[in-house]
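> Chains A and B, in that order, give the protein sequences. The numbering used here applies: residue 1 is where the first sequence begins, and numbers increase by one. The numbering used here applies: residue 1 is where the second sequence begins, and numbers increase by one.
Simulated from the structure, these hints should not be mistaken for laboratory data. Every residue gets a Cβ at the ideal spot worked out from N, C-alpha and C, and that includes glycine. Heads up, some of the hints might be wrong.
[What the hints assert, rightly or not] Residues from chain A that face chain B, not an exhaustive set, calculated with beta carbons under 10 Å: (1) 25; (2) 26; (3) 35; (4) 63; (5) 65; (6) 66; (7) 147; (8) 148; (9) 150; (10) 232; (11) 469.
[Unchecked claim] Per the computed footprint, the stretches of chain A lying under chain B, defined by three or more beta-carbons under 8 Å from a beta-carbon of chain B, are: (12) 222-231; (13) 269-279.
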Amino acid sequence: MSLLQNSSYRRRRNNRQSPSVAFRVGLLAVITLLLFGVIVFRVWFLEVISGGQYVAMANNNRIRFVPAEAPRGIIYDRNKQPLVDNRAGLAVTVFPAALKNPQQELADLSKIIQEPEAKIQSTLQQHQEDSYSSVVVKKDITPDMKSYLIERIPLYFPGVDIKKLPLRKYPAGSEAAQLLGHVGQIDAQELTEPHFQGYKSGDEVGKDGVEFEYDKWLKGVDGGTEIEVDASGHPKSDASGQPVVLSSKAAVPGNDVVLTIDSHIQQVTEQALSQGIDLAYSLHYPANGGAAVVMNPNNGEILAMASYPTYDPSVWVGGMSDAQYSQLTDPAANDPLLNRAIAGQYPPGSTFKVISAIAGLQEGMINPYETVNSTGVWHVPGDPATVFHDWAPLGVVDLNRAIVMSCDTYFYEVGYRFYKANNNQGIQKWARTMSLGSPTGVDLPGEAAGRVPDPAWKQKVGQTAIDKMWLPGNSVNMAIGQGDVLVTPLQMATVYSAIANGGKLVKPHVGLEVEDPVTHAVIHDLRPQNPPQDLGISADTLQRLHRALIGAAQPGSAIGSVFAGFKPVIAGKSGTAQVAGKTDYAWYVAYAPADNPQYVVAVMFEQGGGGGAVAAPTVKKILSALFPQPAPLAANRAPAR
Amino acid sequence: MEIRTYLRHFDYALLAAVLGLIAYGMLIIYSATRSDPNLSSPYYYVRIQAVAAIIGAVLLIIAALIDFRGLRAYRLHMYGGIIGFMLLVFVIGAAAKGGQRWLGLGFFNLQPSEVAKIVMILVISSFLAGRQRGDLESHTTLITLGYVMIPALLVFLQPDFGTALVLVAITVALLFVYGTRLLHFIIMGAALAVGLLLVIEVLPAIGIQLLKSYQIDRLLVFLHPGNDPGGAGFQLLQSKIAVGSGMFTGKGLYHGTQTQLNFLPEHHTDFIFSVLGEELGFVGVAVLLALYVIVIWRGLRIAIISGSMFGSLVAAGIVFMLVFQVFVNIGMTIGIMPITGIPLPFMSYGGSSMVTNLLAVGLLESIHIRSRLMGNRRYALAKAAG
């Protein structure tokens, strides 16, 4: 009422509008204030209450992070020859938020960079959380792709870019491919593994071999640059035309890893292995795989580790095509990705006899002067039906001759004695002591344990009642390295190292040290911390075996005259292992020089036929490179010792 | 009468607030457009806006000096003129195959739909003020609606849904101030609701598209911002990000990232408020609203003291025209109103809108001066009599 009275009072004096019009105009004022009130509250809510959230969204709009991948450390051999190096590659990146027309752009991009669209999509999917970061969708594009793409990016591919990316380079080609391993993008499974704790999606990691084992050292710390972009995704430039960099962090390169591998020995070993395959073929053996290890028997440093067939690891760089992958994993290719030296499990054949001998002597089952008559066949006493064959009728042999001539009959007898004495853990105990049946602990992933069979194992795996029993034949077969014994070439190298070094178990390893990439100062020692551990084999036993193994490498032994005239004198043992349904597997394990062992060499060929015929010449080739032999003519002239 | 008398009765508070808004607007336009690489000069838009403001100021003074009451006699001329003008543009626009809303006048493009706002305020106000005691109230309402229907439809078909909405809003406000019965508003509200439902939902379903589909998207996107993140939803989201990220004091003039990096669409026209919110923050918004409050306060005061029904209606119509546009424009940028393309008075870049709004302020001043002169004369007469 006061408004009306007031108006009517004023009207007389000031010619104001009629009270009802003034009242309604007043209502209009109230409506206006209400509307403005709504605006004020809403703007207050946006700017003051939830401002922080919108600041984050505004930053997400304008700030783009371009990660700078750190170059991985270089992997060197022991003489600082680079085995794995880096090169500058080109990568195609996508900033998902800046794609104007994702469907169309990705489809076109897929054709240009020859990468399936589904693969690009899934890569982007993996990086969905960090939406302000650019994502590498294709590594190692060709210069042609680059120039084609660069011209079209501004018009057709907003949000797509090309950047430099360090990529792996293999200066030595396929050398030590399985040992070195390869790198690739971490997958969902790996992200959950303790080995990759602290890694994030999209990280480039070692997938196997040394790259995997020492990833924490090799991997650097990624850096990156935050730049400001406008709505069309173009980097904002300052007055001088340089992109506006909001913050920048340089990538820290990974540390270099020095291996115990000697590139020269590695090359020789691989070459010898490959020639051994050819040799086997020339003898009509269908050899299709093999492995060789050269190790220092005194400290376990691996100087060479080769596996056949092998492959060129550069196929992994930039991601391989499905065709390349199926070619590598085709059964006909016989698994070139497998490192047979540590992951291949094979019956050791006669190379195992040294363990039976050590067990026999140490457990008191045999007397070194006792003799056994080899007639060519042997059967379990009281069971003439079960016949075991010797490779030849060798006549009366003692321990030394049994090893030199690789007499099966002698070791059938040894095995049977263990069985008869109800000592069905004796040989097993020494096999395990000398590193069989469990991984050696080499610093490489994927090492196999091998197998040392015993009654408990048979009980577990046997299908029938008779299968579950430990029978005399089990002990007899095991004593000559047949039956169910499985070993890796590296395990056999470790066994023979123990004989060579006076009874100590070495831990095989390939890592030597970690170096700073800039100063090359050693920042970490990768060698095993503990000294080789004594196995408790008596000096007498070792001496007998040592002498027998020298004899076994000499002319007149089971392998004939492979090492005739070889200087220095070596010690070694062949093995020809039978595998059901396949041609025999060929083994030779040696150490040299016999009187002061520096190298132990173990060589194995799948379906290589005979240890003496194929494996021993391969070992000789390797040792010839380590101990250069005089030319053949000069050797003939040299006076015999 | 001497010019000095007119000047003495000018409402300077109103004028100052309006000039303040224009200056404020030009500052924001400068910030939003100064780094546009397509421009020959960073002052390109500011200069055009200044020219429009000067033309508008001249019209303001002319409008203030003429006696607004004389316009009542030209009601039908004005009405016929604006309809003809709109038809002309409509025909030209149809020939140009696309929604052309303006008439090229050489130095600038005149949008008849902007002029129509003022003309319709004058036409309807003079009609309503001329109604006699005893005329049927329902006739008054129906004829008023009839007046607005034709221009509203023409604007709507341009298509300019926003301006059509403004015309309707002005009409409703004028009917309200005139004193129309509540029942009529209820009926109009119901009819509007049914009409909107028809246009947006029912007619498209049977294949009649009165609004283009992008218009419907824009209209409804504030209800479902996620529906169209690429188009109208993107605009709205970027606008909200701009305003929200300004926080209390803003990112600083020229430093709004949403504006300067072009994430914000149409940042010097329809979305100029978002630029202000981003760069000057809540404080800048408060200053803007304060300036508007002064304009509205002075305008409503003029409506009350005008001394005639015609003056009150014209003043109230002009004020509500401004209020409605301010609310719908700001509401659009902060996600509480549909995106209709209504400019922010005195702030948004655009000559027609600037000229029309200043002309409207000239009318307010004219009403103010007349009421003062009349009041003084009556006061003098009363004094002489008493």
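> A separate judgement is required for each hint: does it hold in the structure or not?
Status of each hint after checking the structure:
1. This hint holds: residue 25 (chain A) has a C-beta 5 Å from the nearest C-beta of chain B, less than the 10 Å allowed.
2. The interface hint given for residue 26 (chain A) is met, as the beta carbon of that residue sits about 8 Å from the closest beta carbon of chain B, less than 10 Å.
3. Against a cut-off of 10 Å between C-beta atoms, the interface hint on residue 35 (chain A) holds, since the closest Cβ of chain B lies about 4 Å away.
4. Because the smallest distance between the Cβ of residue 63 (chain A) and any Cβ of chain B comes to about 9 Å, under 10 Å, the interface hint for this residue holds.
5. Annotation: residue 65 (chain A) was flagged as interfacial toward chain B, and the flag is violated, the nearest CB pair being 16 Å apart, outside 10 Å.
6. Given hint, residue 66 (chain A) at the interface with chain B, is violated; its Cβ is 17 Å from that chain's nearest Cβ, farther than 10 Å.
7. The interface hint given for residue 147 (chain A) is broken, as the beta carbon of that residue sits about 27 Å from the closest beta carbon of chain B, more than 10 Å.
8. The interface hint given for residue 148 (chain A) is broken, as the beta carbon of that residue sits about 27 Å from the closest beta carbon of chain B, more than 10 Å.
9. Taken as an interface hint, residue 150 (chain A) does not check out: its beta carbon lies about 22 Å from the nearest beta carbon of chain B, beyond 10 Å.
10. Checking residue 232 (chain A) against chain B: minimum C-beta separation of about 7 Å stays under 10 Å; hint holds.
11. Given the 10 Å rule on beta carbons, the hint for residue 469 (chain A) is violated: about 72 Å separates it from the nearest Cβ of chain B.
12. Chain B is given as covering the stretch 222-231 of chain A, and this holds because 4 residues of the stretch bring a CB closer than 8 Å to a CB of that chain, at least three being needed.
13. Under the rule that three or more residues need a Cβ within less than 8 Å of chain B, the assignment of the stretch 269-279 of chain A is violated, with 0 such residues.
Violation of the numbered hints given earlier is confined to hints 5, 6, 7, 8, 9, 11 and 13; the remaining hints are satisfied by the structure.
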